[in-house]
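Here are the chains, one letter per residue:
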Amino acid sequence: MPVRIWREPLDADKIKVSKAEIHILKDQCKGCDFCIEFCPKQVLETSEELNIKGFHPPIVIDESRCVLCDFCTAICPDFAIFVIEKDCKEGC
Amino acid sequence: MTEKSLELKHPYERFLRKERMPHIWCEGCGNGIILNCFVRALDELNIDLNNVVVVSGIGCIGRISGYTNTDSFHTTHGRPIAFATGVKLAKPKLKVVVISGDGDLFAIGGNHFIHAARRNVDITVICANNFIYGMTGGQYGPTTPLEAWTTTTPYGNIEHAFNLVHLAAASGAVYVSRWTALHVRRLKESIKKALQKEGFSFIEAVSQCPEIYGRYNKMKTAISMMKWFKEASEVRNFSDPAKAEISPDKIIVGEFVDIEKPSYGRLLREMKAKLKTKQK
Amino acid sequence: MKIELESKAVLSGQHFLNGDVACAEGALAVGCRFFAGYPITPATEIAERMARRLPQVDGVYMQMEDEIGSIAAVLGASYAGVKSMTATSGPGFSLMLENIGLAIMTETPCVVVNIMRGGPSTGQPTMPGQQDVMQARWGSHGDYEIIALAPSSVQEMFDLTIEAFNLSETYRVPTFVLADEIVGHMWERVNIPSAKAIQVVNRKKPENPPSEYAPFKPDEDLVPPMASFGEGYRFHATGLTHDENGRPRTDSAEVQQRLVQRLCEKIRRNADKIVKVERILLEDAEVAVVAYGIASRAALSAVRKARAQGIKAGLLRLVTVWPFPDKQIEKIAQKVKALVVPEMNYGQIVREVRRVAKETPVVFMSKLGEEPHKPAEILDALRRL
Ligand SMILES: Cc1ncc(C[n+]2csc(CCOP(=O)(O)OP(=O)(O)O)c2C)c(N)n1
Ligand code: SF4
Ligand SMILES: [Mg+2]
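Each protein sequence line maps, in turn, to chains A, B and C.
Residues 125 to 216 in my numbering are what the first sequence lists, from first letter to last.
Residues 410 to 689 in my numbering are what the second sequence lists, from first letter to last.
Residues 506 to 890 in my numbering are what the third sequence lists, from first letter to last.
Note that these hints are calculated values from the structure, not bench results.
Do not rely on the hints blindly, as some may be mistaken.
To be verified - Each computed BS3-like pair below joins lysine-lysine, with the alpha-carbon atoms no more than 27 Å apart:
1. A:Lys165 <-> B:Lys418
2. C:Lys879 <-> C:Lys842
3. B:Lys687 <-> B:Lys502
4. B:Lys502 <-> C:Lys709
5. C:Lys879 <-> B:Lys683
6. A:Lys177 <-> B:Lys629
7. B:Lys427 <-> C:Lys771
8. C:Lys781 <-> C:Lys771
9. A:Lys210 <-> B:Lys427
10. B:Lys418 <-> A:Lys210
11. B:Lys418 <-> A:Lys177
12. C:Lys840 <-> B:Lys687
13. C:Lys701 <-> B:Lys681
14. A:Lys165 <-> B:Lys639
15. B:Lys418 <-> A:Lys143
16. A:Lys165 <-> B:Lys636
17. B:Lys502 <-> C:Lys781
18. A:Lys177 <-> B:Lys685
19. C:Lys840 <-> B:Lys685
20. B:Lys427 <-> C:Lys710
21. B:Lys685 <-> C:Lys701
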């Protein structure tokens, strides 16, 4: 995995950590960008990476902004993204 | 997050025939969204998948029956409703769902649609209306808007389009709604309602074909088609379906019909029960 | 109108019925519980009988909006696990052909009855014909084999409808009952045996669990076991070329080759088991008639008369028209001086007879319109050989 898609915020330890866990099955993505365009919180962005089909899958730019609305899961025509709520028993 | 995701399963994976994925649809095609909404409806209703039969006709959307992890049948062009009628009447315990295209259901298969609705056969029909014959490369069909450009309307379409919700309501459907591929929640809720309804239920899912329809009609990307849905849609629940227009500036969406009427299957059962008492 | 309230599926006993009604009773006796059709002369009486009888035995009669819908509904019911049929005549049969191809491709057991009238087109609705026998064999597109039976009496309308269902269930292939208007409409005595005496064949079911089920993986007889919808197998069937799992394979020449070959070979290789003919006075025959359906009745009479006049004539009556009884005809063609083929068309099965008879001369007798062949005409032909 190319290092460039990892974007850990520098102040990660200071900000409120998200309860959302966004999963991207990037090789399933056909790059329609719906999840990016219609995410109400602008959590995602087009990556520069090319997947095996030659499309640019999305990447998460800020998981903490996710409000678990699940719209990306629902609008994805390719079942390539889904969000799960973290098990926060030990604190998120 | 990305590394974990390789092992994690998509929550709807069990509804899909995984070995047949990825599906054949173009990037940004609404068909995938309709499939997504359909499986979420199944999930939320907690239906036993062994009792679901998905029937489709020929067309891009027609391939959908190959992707759902249910019993399924891919008929000839235009005939899924007639096939589904046979399935439902032969085995009433099954939930029979037809998912097919505007050309399949309303051009070549139009006669079966109106008659199944009239009889109130207990099936759910979902039409992916992309205003075009996608599979064959973009010819006009019965829902293509006036003036639209297709490969067989090189000077603009001069045929008037069917208003599918009006047609369904007039033919006798007990549940009729229209949503676009952007209305993922309401579409899913509508599918849930339709699946639980006794009788003939119909959902028009206005869908984008960015590859052909969009490209030739000034919406070059899937996103621009979705933006059209977003900007033009107006929810008018239980308004007159005859006035539910689809035009460049307005797409009237909503539920239009939700009535009770005995289904064909029920009347058949009652008729046979009466006969039985006479036979004795 | 008073409706008799029979509740039995098998009306054992002696009856006086017309061919159409006998056909419907045969279907009920072998377990048909779904009929979808669209009225058409001269097959309407089958629909009417089914409309009355099916609800009595907990079956379904469906009058569809056209014949395309009818055959599609029949396939649907069959995949739901119910023995199904439709009945029509030429114009309706023409409409059904695309979905008969679908039945062939998806290996759907079903029976299609064609009570043949005069064609082409609307032709002569109330007149007999044998003009659809080639259409039955070749009418749908692509390469395939089907089974077709040709009853020549009312009793056979009953018996061969049963046989058609049994063959269809055995080989998972649409099977046709090709009768003509006369056989469909004439009244004769019919003996309906007891339910126990009727041989009933049901499609083979898968023995392996759903996780191992491949819906189009054949057994040694080239026929795949068939699960029904709602049994937990969750399988897919398509009219597209598909592999053994039912997965569309529009890209592979090999899959196409394997599938089409199997669809044809499952019938060809079993032809000996399928084909039935009736041999009458053929042992020492020097001339023979090859006939089926209504024409075979006059032929039988002609052959008897010829014998009375000292002509060593015989009759080979085709009960099975498709697959074609090549071997049976070849054997006779080698023995006799010449063959006579009377048909109520302008020359269809005679082409097949000529193909098989090779050098043996074949005389064709065409008949079109109301009147079937007269025994005297066939006798005349035999005398002139
Ligand atoms: C009898 C017959 N005629 C024509 C075709 C060719 N054909 C395949 S798909 C199609 C149109 C499909 O349009 P639609 O139902 O709107 O589905 P879409 O591809 O747009 O999803 C046509 C005309 C066919 N397969 N069968
Ligand atoms: S051609 Fe259009 S309808 Fe067909 S898959 Fe592509 S985008 Fe979808
Ligand atoms: Mg379309």
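Structure-based check of each hint:
| no. | hint | result |
| --- | --- | --- |
| 1 | A:Lys165 <-> B:Lys418 | holds, 24 Å |
| 2 | C:Lys879 <-> C:Lys842 | holds, 23 Å |
| 3 | B:Lys687 <-> B:Lys502 | holds, 26 Å |
| 4 | B:Lys502 <-> C:Lys709 | holds, 23 Å |
| 5 | C:Lys879 <-> B:Lys683 | violated, 50 Å |
| 6 | A:Lys177 <-> B:Lys629 | holds, 21 Å |
| 7 | B:Lys427 <-> C:Lys771 | violated, 31 Å |
| 8 | C:Lys781 <-> C:Lys771 | holds, 17 Å |
| 9 | A:Lys210 <-> B:Lys427 | holds, 26 Å |
| 10 | B:Lys418 <-> A:Lys210 | holds, 15 Å |
| 11 | B:Lys418 <-> A:Lys177 | holds, 20 Å |
| 12 | C:Lys840 <-> B:Lys687 | violated, 61 Å |
| 13 | C:Lys701 <-> B:Lys681 | holds, 26 Å |
| 14 | A:Lys165 <-> B:Lys639 | holds, 17 Å |
| 15 | B:Lys418 <-> A:Lys143 | holds, 19 Å |
| 16 | A:Lys165 <-> B:Lys636 | holds, 17 Å |
| 17 | B:Lys502 <-> C:Lys781 | violated, 40 Å |
| 18 | A:Lys177 <-> B:Lys685 | violated, 61 Å |
| 19 | C:Lys840 <-> B:Lys685 | violated, 59 Å |
| 20 | B:Lys427 <-> C:Lys710 | holds, 25 Å |
| 21 | B:Lys685 <-> C:Lys701 | holds, 24 Å |
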